[in-house]
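So the sequences go chain by chain: A and B.
Following my numbering, the numbering of the first sequence begins with 216 at its first residue and continues without gaps.
Following my numbering, the numbering of the second sequence begins with 216 at its first residue and continues without gaps.
Pairwise CB distance ranges (calculated):
#	chain 1	residue 1	chain 2	residue 2	range
1	A	Asp261	B	Asp565	12 to 22 Å
2	B	Gly456	A	Arg536	46 to 56 Å
3	A	His479	B	Ala419	25 to 35 Å
No lab work stands behind these hints: they were computed from the structure.
Predicted model, so just to flag it, every value in this text is computed and none were measured.
The beta-carbon is built from N, C-alpha and C at its ideal position, and this holds for glycine as well.
Each chain, letter by letter, is given below.
Number of protein chains: 2
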Amino acid sequence: MTAARTRWEGRLLVVGTGLIGTSLGLAARAAGADVLLADVDSRRVDLAVSLGAGRPAEDAVGSAAAADLMIIAAPPAAIGPIAEDAIQRDLAQTVSHVGSVQTQPQVYLETHGCPVSRFVGSHPIAGRELSGPAHADAGLFQDRPWVVCPTDATAEDATEMVLGLARACGAQPVLLDAGAHDRLFARLSHVPQLVASALAASLAELAPEGVALAGAGVRDTTRLADSEPEMWAEIAIANAGPVAAGIRAVAEPLLAVAAALEAHGDGHAAVRRLLEGGRTGRALLPGKHGGAPTVLAEVQVVVPDQPGALADLLAAVASERINLEDLRVDHSPEQQIGIAELVVSSAARDALVSALRGAGWTVTSGASTAL
Amino acid sequence: MTAARTRWEGRLLVVGTGLIGTSLGLAARAAGADVLLADVDSRRVDLAVSLGAGRPAEDAVGSAAAADLMIIAAPPAAIGPIAEDAIQRDLAQTVSHVGSVQTQPQVYLETHGCPVSRFVGSHPIAGRELSGPAHADAGLFQDRPWVVCPTDATAEDATEMVLGLARACGAQPVLLDAGAHDRLFARLSHVPQLVASALAASLAELAPEGVALAGAGVRDTTRLADSEPEMWAEIAIANAGPVAAGIRAVAEPLLAVAAALEAHGDGHAAVRRLLEGGRTGRALLPGKHGGAPTVLAEVQVVVPDQPGALADLLAAVASERINLEDLRVDHSPEQQIGIAELVVSSAARDALVSALRGAGWTVTSGASTAL
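The shape of chain A in the complex, shown without the other chains (with noise of 0.2 Å):
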């Protein structure tokens, strides 16, 4: 079930028009508001207005308190400056932002003697390897979480304004401290991200002809190095403590193995505990719908690689009225197939794989683990 959108119609004003930006422009749109669209870049703010986004700020802004509520949509170094110049010109009641980053935009205004009272970060958990108003669409935050991140200096109303943006928006506020929000997503976002890089990078110096027979495994956990290297370092840059800190709980463990096992010592104990460690920490990652890690079973389905196969694969799995928890498709190098596994509740699995078997798939193996 999608959650309900509610009414958001005031004015509101949007610096940035990027994906997210433009997003949000469609989604208050949607949602009834009075949104103007302002960037550095004129032709992005034409690309977003043609797309419906909203109007050109221009005419607008200059009149004290044009709009109710302001959100920067602004690489992470530029959220300080763009939110100080705005409160000093009074252009919006309530000056918010949707950077990665909380404490540097907070401490930036607070440090140059801006009032805060009216300003108040936010993070919607929205978007990734994405970018351009282009590929802006108003659902893009629905039921997504939104971190809203109020200090004691914060007036009530303005996190409320917040608040009923991200509502309105189709997303979950969740709201968090600022030195919080950015210690866990340096844990669970920023440091994944330089991991994954990190371990991609490594591959550069093998054969092209050796790399050809890499497998799923270290495709997925080097997914996340496709990203925009220009953004990930603004943001790595922004929240430098908590990074710093993140990366060493994951190389400092690492190393220590690595010099377990040149000392041909203890070396087996060394590495069973990091990965025990692992499948301790891997136990805490939402399964589903964020709930509790349920037993499940993935069953692996040859297909041919056509179009329509894969649709009537699920419509097999369909007519059994088996849920899919989760679907992933592999593919082996040289070869015109792919490999779908399928994620279903273990107890689904054994009526699944002979339903399958039945209807002439080839099922080449199925397993139950924990997600």
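Chain A is fixed; fit chain B onto it per the hints.
Below, chain B alone, put in the same frame as chain A:
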């Protein structure tokens, strides 16, 4: 197209009836082989026999050259001693194994003065996060690479014997030097496993309600951390040198970035260099079917969490005659809803988005990306 399997009508002795050994028995029997099964745990032999993977080896072994080919499908450290015993007792004309590490058993035999002309290691790249004979399947090796590692001392017909079995199982044999294999799979498999475990282990100190906000990025990056600790500890020990070097190639650049972030100096350049190196390495990973990376587009669609919804979506995709290159399903915490990420060629993106929207689906975003 699934590769046609060749016949293989000799006598095969499989030692170790776990997932790989039992699957091998099933595949070889389907190709016409007489398969003998042995395991230190007689219950696993009974299960493998009941699954149709072969007959118990007790009666047949003991006589000289009882088998044409013996495959050891046992934990890494056990392979050398089992092979030595088999060669001394002349149990098979050719002795091979299917371990993840190639140098260790080869060196074990050579340092024990064992004749190695009829010993040749191999490594089918198949199966993961799965274990036990109950999950075995004759199709496990279908269209997967199968690395075979002869040395200068290996008799040509011994190598041919293993290549023939690999082809009979539907696999694609690849010849590699044992040392090259171990250095390559340290990077492609053993180190990604340890890195995923270290990253997942670092989450264990976070508050569970915080980890519940984790998105798909960290989940993908840590997926391998679900693997079985004892098996992977043995693999790391058996391939200690290349694994330690591979760990250093990942962890040392990460620590250099942490130091740069802590120094408040040249952090941006250091982080950006790491992220750009990651894109370079990632581009070497095989795209679909092992070919060069192609420009693909990702389209995200909201899918209600009910049986058949995903099948309906894929039927809508198929009715446009658009081929899915990849597919992933992501879920929002706490909400009974999923996001399906459809990966198609960039050329097909716009047609797909408009067709899906026309059919009433909520398309939340779509982006071009190099996969």
